[in-house]
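Peer 1: The primary structure of each chain is shown beneath.
Protein chains: 2
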Amino acid sequence: MMRFVELIEKKKHAGKLSRQELAYFINGYVAGEIPDYQASALLMAIWLNGMDPEETYELTVAMAASGDQIDLSAIPGRKVDKHSTGGVADTTTLIVAPLVAACGGKVAKMSGRGLGHTGGTLDKLESIPGFRVDIGMNEFVDIVKKCGLSVIGQTGSLVPADKKLYALRDVTGTIDNLSLIASSIMSKKLAAGADAVVLDVKTGSGAFMRDVKDAEALARAMVDIGKRSGRRTVALVTDMSQPLGRAVGNAMEVKEAVEILKGERAGDLLDVSLALAARMVCMAKPEIECEQAEKEVRSALSSGKGLERLACMIEAQRGNPKVLENEGLLPKAAQTVTVKAKTDGFISCIDTREIGICALLLGAGRQKKTDTIDPAVGIWMEKRLGDPVKTGEPLAVFHVNNTGGLEEAKMRFLSAVKTAPGKPRIPALIYREVT
Amino acid sequence: MMRFVELIEKKKHAGKLSRQELAYFINGYVAGEIPDYQASALLMAIWLNGMDPEETYELTVAMAASGDQIDLSAIPGRKVDKHSTGGVADTTTLIVAPLVAACGGKVAKMSGRGLGHTGGTLDKLESIPGFRVDIGMNEFVDIVKKCGLSVIGQTGSLVPADKKLYALRDVTGTIDNLSLIASSIMSKKLAAGADAVVLDVKTGSGAFMRDVKDAEALARAMVDIGKRSGRRTVALVTDMSQPLGRAVGNAMEVKEAVEILKGERAGDLLDVSLALAARMVCMAKPEIECEQAEKEVRSALSSGKGLERLACMIEAQRGNPKVLENEGLLPKAAQTVTVKAKTDGFISCIDTREIGICALLLGAGRQKKTDTIDPAVGIWMEKRLGDPVKTGEPLAVFHVNNTGGLEEAKMRFLSAVKTAPGKPRIPALIYREVT
Chain A
48 MMRFVELIEK KKHAGKLSRQ ELAYFINGYV AGEIPDYQAS ALLMAIWLNG MDPEETYELT
108 VAMAASGDQI DLSAIPGRKV DKHSTGGVAD TTTLIVAPLV AACGGKVAKM SGRGLGHTGG
168 TLDKLESIPG FRVDIGMNEF VDIVKKCGLS VIGQTGSLVP ADKKLYALRD VTGTIDNLSL
228 IASSIMSKKL AAGADAVVLD VKTGSGAFMR DVKDAEALAR AMVDIGKRSG RRTVALVTDM
288 SQPLGRAVGN AMEVKEAVEI LKGERAGDLL DVSLALAARM VCMAKPEIEC EQAEKEVRSA
348 LSSGKGLERL ACMIEAQRGN PKVLENEGLL PKAAQTVTVK AKTDGFISCI DTREIGICAL
408 LLGAGRQKKT DTIDPAVGIW MEKRLGDPVK TGEPLAVFHV NNTGGLEEAK MRFLSAVKTA
468 PGKPRIPALI YREVT
Chain B
48 MMRFVELIEK KKHAGKLSRQ ELAYFINGYV AGEIPDYQAS ALLMAIWLNG MDPEETYELT
108 VAMAASGDQI DLSAIPGRKV DKHSTGGVAD TTTLIVAPLV AACGGKVAKM SGRGLGHTGG
168 TLDKLESIPG FRVDIGMNEF VDIVKKCGLS VIGQTGSLVP ADKKLYALRD VTGTIDNLSL
228 IASSIMSKKL AAGADAVVLD VKTGSGAFMR DVKDAEALAR AMVDIGKRSG RRTVALVTDM
288 SQPLGRAVGN AMEVKEAVEI LKGERAGDLL DVSLALAARM VCMAKPEIEC EQAEKEVRSA
348 LSSGKGLERL ACMIEAQRGN PKVLENEGLL PKAAQTVTVK AKTDGFISCI DTREIGICAL
408 LLGAGRQKKT DTIDPAVGIW MEKRLGDPVK TGEPLAVFHV NNTGGLEEAK MRFLSAVKTA
468 PGKPRIPALI YREVT
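So the sequence lines, in the order shown, correspond to chains A and B.
Going by the numbering used here, the letters in the first sequence line up with residues 48 to 482, in that order.
Going by the numbering used here, the letters in the second sequence line up with residues 48 to 482, in that order.
Careful, some of the hints might be misleading.
One copy or two, either will do: identical chains are not told apart, so a pair holds if it fits within one copy or between any two.
[Claimed, not checked] Here are the simulated DSS-like cross-link-like pairs (lysine-lysine), alpha carbons at most 27 Å apart as the crow flies:
hint, residue 1, residue 2
1, K57, K260
2, K57, K415
3, K210, K192
4, K352, K437
5, K387, K457
6, K430, K379
7, K57, K210
8, K211, K57
Source of the hints: derived by calculation from the structure; they are not laboratory data.
Start from the sequences and build out the full structure, keeping to the hints where you can.
Peer 2: Quick look at the structure:
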């Protein structure tokens, strides 16, 4: 019989927890046998003394095993998953998953909702009239078989350990620990059952890991977990010093993603999407080289086959696929308000997190999980870092229904976007690949 | 409005908590507004990052203020308290308090019960037929006025913060931290209202702080708290490498203390008692030098005036003072069992904690707070460190009623007392004085 206080003692003296001890922790905590006050003492000891890669992996495995583990074996071929650590105007899933599917990869993805300054893929998809994300497992598998992709909400029984632990970490100052973040993300990826995972770790003013070194360390920790679990795993560290796309807001982001899949729009969102999709295709099809994968992805874009796959999924998930031809079928805000530059110069710095908060203030996001969102509203970014700007020129267009948060959003937006007399250095879009 | 998670964040980054923050912690925790899981996260952060002397003092003050603070102003003269960190055969209070009272000091002492391997003064006193420790505050003050001393149980409302925190620390691996130990002890001393405090910090195999350096650090931390609070405070670091007296067990310890107060018995227990009593008298009577205090204490012993004070208290607290003349009135065990040496040599090492556990197995102590004790049983130590011993010679005499734990106690006793061919180095009795 293990005594939990002995595990606390061990970690407080910077000892190494064994597989058995970490499983005992997770199983006991989920079962309610280990009380919150003991779990939080261990979490703080972990925060202060750290965990090595082996401990981090074993914690992740124990968490992944705490609930349902999805069996995707009924889907032929390699299943590839992706995960982004979250940001603003990060609409990559809506572009990447159809492109990968068009190249023959299978993307059976469980996504999350937006919270705080970050958006969520489920919310974006739900802005498509009729689209449902609460699809049962059998139908989910069938849709992936048919379309090559499906994106649904996490089932309630996927990694219950993470739900319970995250809530405790949130109120005990133990969120910001590399091993705990990595195990939280990767436990869900392991439980979701894909053969390979591409991770998009964001860095910059809109990311959880603002510093690129921290982002890279997180990427390494997650790739290490993936490898230990026998999953092919690769991570890109990508820039979130500004909103990735132009649109910040749910239906607006769907529209932008569709325009990209139609080949009507280029830019950073497309570039990051192509990079992620190429890596996913490369892992899904071991018989081809990665350069070949990149060519296939570009061809899936130019041929319109990616768009076809998106249409297939939308229809299969009860959405109206006509939104792809007629954007007027997407929810539209009652009015637009243009936010104009107050000075001449170049866009030198964007507090991306604040841009996310501005969209939230317009109704596009959630402060807390139970808030409802307005799918129509959001912000269209007219300028990107390094763009020249003149006084009075539009910086952004706000799409507005409820004007309650408008004034605060405008004020905060203007503070968040800085101009300078000289052209600034533009950060790299893709900092690093961790394999 | 303070957010508790910010205090956790501060301490986790090794920041310094302010008086206000520590008071917010203690008040909020006692009121049930701060949940256990947040308190335990802070305690672990304190364990790992420490607290400086100012924080330790402010924590202590906040804890002391969490319940009743005893007002001893109705007692004329200086009130001096003592505290021992606990050990085996540590019967000093029964000797020291009467001697100090005989010298004119006022000892209004709240004591505790035994737990685990350590004995408790309340249990010892209760072995005197009729003796009551649950005396009301007014009567307590009256007894001190009349006899110069009274020893009672802590009231339930003395430092509720310590009761609640200690229970949490016990199950979260956060007991063994210098600041937390010091604040736990000193908060009760501050709340108990004495003008001056003498601390007896034990070190060695029967002490909580086995290492003399740790014991000295604890002594310094407690003296620092005492000084900051305006109490004259002094600490002795004394040896607990072997049971301090010969008797381990409640009535047996009362008998030994009485014999010492009668001048019939010398040894380490007497020597430590004299040292403690001299310092208490010195603080109680600032008009005299400490050398003079020591002389007065010795004279209180030889004149029998100490014994008279003990008789006064026993009678006032409903006990039968005739036990002082007739030890047959104390509870007596049904049988004695002699434990004999298995080898020739010198007593080289005693695992004192184990001796305490052996007495507990005979029924003299408590494994958990709700256990009842047998006042009659215990162990009489025939040998001390460095004593020569021959095979078959008595090492100890067990006083036994219930024989259930006897065999285990004998076995463990023989393992706990080691002999060696050569005479060992005997540790100092009083290592250090911290003022």
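Peer 1: Is it within a copy, between copies, both, or neither that the alpha carbon of K352 lies no farther than 27 Å from that of K437?
Peer 2: neither (40 Å within a copy, 97 Å between copies)
Peer 1: Since the copies are identical, ignore which copy is meant and state whether K430 and K379 lie within 27 Å (CA to CA) inside a copy, between copies, both or neither.
Peer 2: within (22 Å within a copy, 93 Å between copies)
Peer 1: As a check of your reading, is K57 near K260 (CA-CA no more than 27 Å) within one copy, between copies, both or neither?
Peer 2: between (29 Å within a copy, 23 Å between copies)
Peer 1: As a check of your reading, is K211 near K57 (CA-CA no more than 27 Å) within one copy, between copies, both or neither?
Peer 2: both (23 Å within a copy, 24 Å between copies)
Peer 1: How do K57 and K210 come out at 27 Å by Cα distance, when the copy is not named: within, between, both, or neither?
Peer 2: both (25 Å within a copy, 25 Å between copies)
Peer 1: Indicate which option fits the pair K387, K457 if close means a Cα-Cα distance not exceeding 27 Å: within, between, both or neither.
Peer 2: Within. Shortest intra-copy distance 10 Å satisfies the 27 Å Cα cut-off; inter-copy 89 Å does not.
Peer 1: Between K210 and K192, at a C-alpha cutoff of 27 Å, which is it: within one copy, between copies, both, or neither?
Peer 2: Classified as neither; 30 Å inside a copy, 61 Å across copies.
Peer 1: Between copies, within a copy, both or neither: which fits K57 and K415 at Cα up to 27 Å?
Peer 2: between (36 Å within a copy, 24 Å between copies)
The structure fails to meet hints 3 and 4 from the earlier list, while all remaining hints are met.
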